[in-house]
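Colleague: Single-letter residue listing:
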Amino acid sequence: MSHADSQNAISIRNLRKTYANGHVALKGIDLDVKENDFFALLGPNGAGKSTIIGIISTLVNASDGTIKIFGKDAASHVYEAKQSLGVVPQEINFSQFEKVADIVMTQAGYYGLKGSLARERTEKYLKKLDLWDKRDNRSRMLSGGMKRRLMIARALVHEPRLLILDEPTAGVDIELRRSMWEFLQEINRNGTTIILTTHYLEEAESLCRNIAIIDHGQIVENTSMRALLGKLAMQTLVFDTVNEVSTAPQFNDPEVRCQWLDSHSFEVSMSTDRDINALFAAFNEQNVLIKSMRNKTNRLEELFLSRLKGQQTAS
Amino acid sequence: MFANHKYIAFETILVKEVRRFTRIWLQTLVPPAITIGLYYLIFGNLIGRRIGEMGGYPYIDFIVPGLIMMAVIQNAYANVSSSFFSNKFQRCVEEILVSPVPNYIILLGFVAGGMVRGLLVGVIVTLMSFVFTSLSIEHVWLTILVVLLTAMVFSLAGFINALFANTFDDISIIPTFVLTPLIYLGGVFYSIELLPAVGQWVSAMNPVLYMVNTFRYGILGSSDVNIYWALFMLVLFSAVLFAVALILLRRGTGLRH
Chain A
0 MSHADSQNAI SIRNLRKTYA NGHVALKGID LDVKENDFFA LLGPNGAGKS
50 TIIGIISTLV NASDGTIKIF GKDAASHVYE AKQSLGVVPQ EINFSQFEKV
100 ADIVMTQAGY YGLKGSLARE RTEKYLKKLD LWDKRDNRSR MLSGGMKRRL
150 MIARALVHEP RLLILDEPTA GVDIELRRSM WEFLQEINRN GTTIILTTHY
200 LEEAESLCRN IAIIDHGQIV ENTSMRALLG KLAMQTLVFD TVNEVSTAPQ
250 FNDPEVRCQW LDSHSFEVSM STDRDINALF AAFNEQNVLI KSMRNKTNRL
300 EELFLSRLKG QQTAS
Chain B
0 MFANHKYIAF ETILVKEVRR FTRIWLQTLV PPAITIGLYY LIFGNLIGRR
50 IGEMGGYPYI DFIVPGLIMM AVIQNAYANV SSSFFSNKFQ RCVEEILVSP
100 VPNYIILLGF VAGGMVRGLL VGVIVTLMSF VFTSLSIEHV WLTILVVLLT
150 AMVFSLAGFI NALFANTFDD ISIIPTFVLT PLIYLGGVFY SIELLPAVGQ
200 WVSAMNPVLY MVNTFRYGIL GSSDVNIYWA LFMLVLFSAV LFAVALILLR
250 RGTGLRH
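Listed in order, the protein sequences are those of chains A and B.
Okay, so the first sequence: first residue is 0 according to numbering that gives the first Met the number 0, each after it adds one.
Okay, so the second sequence: first residue is 0 according to numbering that gives the first Met the number 0, each after it adds one.
Derived from the structure by calculation, the hints contain no laboratory data.
Certain hints may be false.
As the list claims (entries may be wrong) - With beta-carbon atoms standing in for the labels, derived distance ranges: (1) 255(B) <-> 13(A): 19 to 25 angstroms; (2) 168(B) <-> 142(A): 29 to 35 angstroms; (3) 76(A) <-> 203(B): 45 to 51 angstroms; (4) 238(B) <-> 181(A): 41 to 47 angstroms; (5) 126(A) <-> 168(B): 41 to 47 angstroms; (6) 27(A) <-> 6(B): 49 to 55 angstroms.
Every residue gets a Cβ at the ideal spot worked out from N, C-alpha and C, and that includes glycine.
Bound conformation, chain A alone:
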């Protein structure tokens, strides 16, 4: 076991998967996720994200390649690897006829937790995920958001060092999504490494420190979130005004484009390396009083699309 491996929660080398129908899902993935990281795995539908998670969690057989979890080969140290791992899948995969508490207790039993400890952990995580009041309800009676939280509670009951979440907030309302983010950030602060796949790019931008983008079974970007966002060339800012404006303010700089939206707002598109103070100087000269300002574009989304577009052009 190398020193680098021991610092990684997961190390994937040359991971390949060809399904029985001939579909090549993974074309040799190399990926390292550091211990305690909050890592985003992004990609369009069918890119191979769920296949990677399936192979890590042993639900899918790899065609080739190796996976090490906290430095231990997952194929030869199955018990240690699985004991370190908690998985929240994309699809609901608990019995619809079982009670909420029984689902979590049963999972604790699969990990060899004794009755008293299993009960203690079940209570702890159901309370943390606001499901304790529903503990005696049949799981099919839960709302979509509650079902997702139940899967998180179930994945945490054996307190894994690595938690993998496959689109955990899909179909969850904004308020609930925010509370799930806070919970995930809390367990990450307490030492759990988290790998997250999501379609909500805002989610990845808000939560994750490092990111990999996968497309057509290959990693096309693997860097820190800060470095990735730093590659973004353009931004669009929306300004709300105190006074009424009938046209958009004028700028001498041809690379700054301004567009009037309504009597109290307009937007400015400009390079990210431009000085915003110059904008405010121009507004003052034209007697435009700014009330508030916000970034219009989802920066990561823009970048994500440009990366995928670049990849398609190259191929």
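Could you slot chain B onto chain A? The hints should help.
Modeller: Only chain B this time, still in chain A's reference frame:
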């Protein structure tokens, strides 16, 4: 995985299985009791009186062991095949597959669940038989051993069926087209001495014949087959099916892509 962890995992699967079939007792425990009760009443009591003796015993006494065994076989099989396939269908089998539970513990847990249901139904229909006749058990330990081995064999068979099944139809095809004929032609209702030589030779290849007759020997003290040979066959079937189920689990047949 440590031994005590394995035991907790086994116990978890077994408790979940027992909780499942007792929760739906109207579907799992009552129907076999009604069906076998009707067999006792119609074939054993009403028609049986006109048949007279079979194999040297009143007809009702002759068919009671076979009917008990039929209930055990059908319920042990159905419990594991339907439960494990439901787990696959709802994808909750993934809960176990991602956990560190070894394959043989998964297999033992589900098989034990099937055996418990088979034995419970067996006890229910045995108690019901006392309404129609008064049987005493000639060889208690042999009777218990045979019923345990039979429940195990058919629980294992149900597990293998569920591994291969892709639809709910797939778990009803084998019971309908294979299990039912084997049971009905396995000496539940008649002694194979009634059959011509060819019929006896064909019947000798039916594993259910050995189970029913060994069980009947345990209760009545008489059998159409050699008891030691029958016990050997039961142990052999159990071992082969256990090995096959384990190999399939290790390969991920029907579970992993």
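Colleague: When you take the CB atoms of residue 126(A) and residue 168(B), is the distance between them in 41 to 47 angstroms?
Modeller: Holds, since residue 126(A) and residue 168(B) (Cβ atoms, about 43 angstroms apart) stay within the stated range.
Colleague: Taking the beta carbons of residue 76(A) and residue 203(B), is their distance inside 45 to 51 angstroms?
Modeller: holds, 49 angstroms
Colleague: Can the suggested window of 29 to 35 angstroms be confirmed for the beta-carbon pair residue 168(B) and residue 142(A)?
Modeller: holds, 33 angstroms
Colleague: Given the range 41 to 47 angstroms, decide if the beta-carbon distance of residue 238(B) to residue 181(A) lies inside it.
Modeller: The hinted range 41 to 47 angstroms is violated for residue 238(B) and residue 181(A), with Cβ atoms some 54 angstroms apart.
Colleague: Lying within 49 to 55 angstroms: is that true of the beta-carbon distance residue 27(A) to residue 6(B)?
Modeller: This hint is violated: roughly 42 angstroms between Cβ atoms.
Colleague: Please test the hint of 19 to 25 angstroms on the beta carbon pair from residue 255(B) and residue 13(A).
Modeller: Because 20 angstroms falls inside the window, the suggested range holds.
In summary, the numbered hints that this structure violates are 4, 6.
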